[in-house]
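Asks: Here is how the chains run, residue by residue.
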Amino acid sequence: ETGVTQSPTHLIKTRGQQVTLRCSSQSGHNTVSWYQQALGQGPQFIFQYYREEENGRGNFPPRFSGLQFPNYSSELNVNALELDDSALYLCASSLMTGTSYGYTFGSGTRLTVV
Amino acid sequence: GIQVEQSPPDLILQEGANSTLRCNFSDSVNNLQWFHQNPWGQLINLFYIPSGTKQNGRLSATTVATERYSLLYISSSQTTDSGVYFCVCSNYQLIWGAGTKLIIKP
Numbered sequence: 004e005t006g007v008t009q010s011p012t013h014l015i016k017t018r019g020q021q022v023t024l025r026c027s028s029q030s031g032h033n034t035v036s037w038y039q040q041a042l043g044q045g046p047q048f049i050f051q052y053y054r055e056e057e058n059g060r061g062n063f064p065p066r067f068s069g070l071q072f073p074n075y076s077s078e079l080n081v082n083a084l085e086l087d088d089s090a091l092y093l094c095a096s097s098l099m100t101g102t103s104y105g106y107t108f109g110s111g112t113r114l115t116v117v
Numbered sequence: 002g003i004q005v006e007q008s009p010p011d012l013i014l015q016e017g018a019n020s021t022l023r024c025n026f027s028d029s030v031n032n033l034q035w036f037h038q039n040p041w042g043q044l045i046n047l048f049y050i051p052s053g054t055k056q057n058g059r060l061s062a063t064t065v066a067t068e069r070y071s072l073l074y075i076s077s078s079q080t081t082d083s084g085v086y087f088c089v090c091s092n093y094q095l096i097w098g099a100g101t102k103l104i105i106k107p
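Same order as they appear, the protein sequences are chains A and B.
Residue numbers for the first sequence follow our numbering, so the first one is 4 and each next one is one higher.
Residue numbers for the second sequence follow our numbering, so the first one is 2 and each next one is one higher.
Please keep in mind that the hints were generated in silico from the structure rather than gathered at the bench.
Where a beta carbon is used, it is the ideal one built from N, C-alpha and C, also for glycine.
Fair warning: there could be bad hints in the mix.
As the list claims (entries may be wrong) - Derived DEER-like restraints, expressed as beta-carbon distance ranges:
1) Pro11(A) to Gly53(B): 21 to 29 Å
2) Thr67(B) to Gly31(A): 26 to 34 Å
3) Gly53(B) to Phe63(A): 28 to 36 Å
4) Gln43(B) to Asn74(A): 36 to 44 Å
Chain A extracted, bound-state conformation (with noise of 0.2 Å):
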């Protein structure tokens, strides 16, 4: 079976500009979840995708948003981007089955913003 896949594994932006993180969920997995890992933090949440709706949400302004599609692959949008939104950004996929599920891991992509 294929794990998470995330896409690109850098990138350096501009303030105030518009970026798209990509994330492959792994096969089989029907729930994405996306968060933001500063330098020597534990992750935060950002929100998670189940079945192409958003069903949960982090303290994370609107300017984060994303999608799920019907492959349950995913996108992270941020708009107008600040210097604080420099980290790493995990997307995460599990099967949602009742209330007992393991997540995997991408590898990640780590945003600069200059």
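Based on the hints, put chain B in the right spot on chain A.
Replies: Just chain B now, with coordinates in the frame of chain A:
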């Protein structure tokens, strides 16, 4: 919401030593996982262990759900074990501990 506390925050050991990492959580959870984040940022799933004991090579984990804690054991440490170990709990969304930063010296 659920609080996840990990201890110790930092651990420096000599190669070959054994270690125990602890995770306490404040409420019952349906899911608990241990992850290892290597120096390049990759998160590796070590154990999916909402309860019971599991072993995988030099690593093992035990979760006592009724007492709301989990332990990760690393035996015969190797330099490649260095990195940050996260305990992650969830009922619906993932709740992360702050991690234990482990440094294994050769």
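Asks: Quick one: are Gly53(B) and Phe63(A) within 28 to 36 Å, going by C-beta?
Replies: holds (35 Å)
Asks: Hint says 21 to 29 Å; check whether the CB-CB distance for Pro11(A) and Gly53(B) agrees.
Replies: violated (39 Å)
Asks: State, for the Cβ atoms of Gln43(B) and Asn74(A), whether the hinted interval 36 to 44 Å holds or is violated.
Replies: Violated, at about 24 Å.
Asks: If you check the beta carbons of Thr67(B) and Gly31(A), does the distance land in 26 to 34 Å?
Replies: holds (32 Å)
This entry does not satisfy hints 1, 4, going by the numbered hints stated previously.
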